[in-house]
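Novice: In the working numbering, the protein residues as written are 699 to 907.
Honestly, the hints are just simulated from the structure, not real lab data.
Glycine included, each C-beta is placed from N, C-alpha and C at the ideal position.
Among the hints, erroneous ones may be present.
[What the hints assert, rightly or not] Here are the in silico distance ranges between beta carbons for each label pair:
#	residue 1	residue 2	range
1	R896	S739	36 to 46 angstroms
2	A898	Q770	29 to 39 angstroms
3	V850	D746	46 to 56 angstroms
4	R885	I726	42 to 52 angstroms
5	D730	Q770	17 to 27 angstroms
6	G794	R891	32 to 42 angstroms
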Amino acid sequence: MKRILIILFAGILVCVTSNAEDLRTLFINMPDSIMPTLTKSDKMDFLDYMDSGMRARVRNKLGGESEMTLYQDNMLSVKTSQSGRLDMVLFPYKNGSNLICIIKTVTARYDDSRLSFYNEDWTPIESESLMEFPQFDDYLTKEALKSDSLDVLKKESMLRFQSVTALDGALEFRYTSLDYIGEDADRFKSWFRQDPIRYAWNGKRFKRK
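Turn these sequences into a full structure, and let the hints steer you where they fit.
Specialist: Take a look at the structure:
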């Protein structure tokens, strides 16, 4: 009887696990609207090159070069252009499925990232239902928040860029707008925290740590 129960449990576990699509399949089926400069064939070529241990480069629709620079079990990264990068990350989600996180980053003077989330059918999920994004004040030190010059800083820093990276089942946010503050950049640099703001995934939401 005990052996039968173990076999049944193992069978259920396999069924639940098999519900989740793997990164390869999800990437190939990514809608063109998310990465419009690359075709489905381009994405398949990326994966074939990575499997062969070759440099994964293709010519995109704009005539430029795109390159897959990372391919792991739950994460990949594509340099879509000279100034653009797309990261795709999977997080374990409901009923054995995966939450798809897409991070689009403009890599200009300072990185600026945008997040979007999807289920395995590539149906968008409201970002606000999954996390509370860091606000400007969250990037400041305690000393800065107490300073009489805080209003000046907020006025000077009109452009507020942040970069997002995925690491060890979490998302890390960094403030990247210091060069856009103006003449007072050096004065205010020490007011910003040096460590990233980290959000860990708990299976339902990203919680700030």
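Novice: At the C-beta level, are G794 and R891 separated by a distance inside 32 to 42 angstroms?
Specialist: With Cβ atoms ~37 angstroms apart, the hint holds.
Novice: For the pair R896 and S739, does the Cβ-Cβ distance stay inside 36 to 46 angstroms?
Specialist: Check passed, 37 angstroms falls within 36 to 46 angstroms.
Novice: For the pair D730 and Q770, does the Cβ-Cβ distance stay inside 17 to 27 angstroms?
Specialist: holds, 24 angstroms
Novice: At the C-beta level, are R885 and I726 separated by a distance inside 42 to 52 angstroms?
Specialist: holds, 50 angstroms
Novice: A range of 29 to 39 angstroms was offered for this pair. Does it hold for the Cβ distance of A898 and Q770?
Specialist: violated, 19 angstroms
Novice: That 46 to 56 angstroms hint for V850 and D746 (C-beta), does it hold up?
Specialist: holds, 54 angstroms
Hint 2 alone, counting from the list given before, is not met by this structure.
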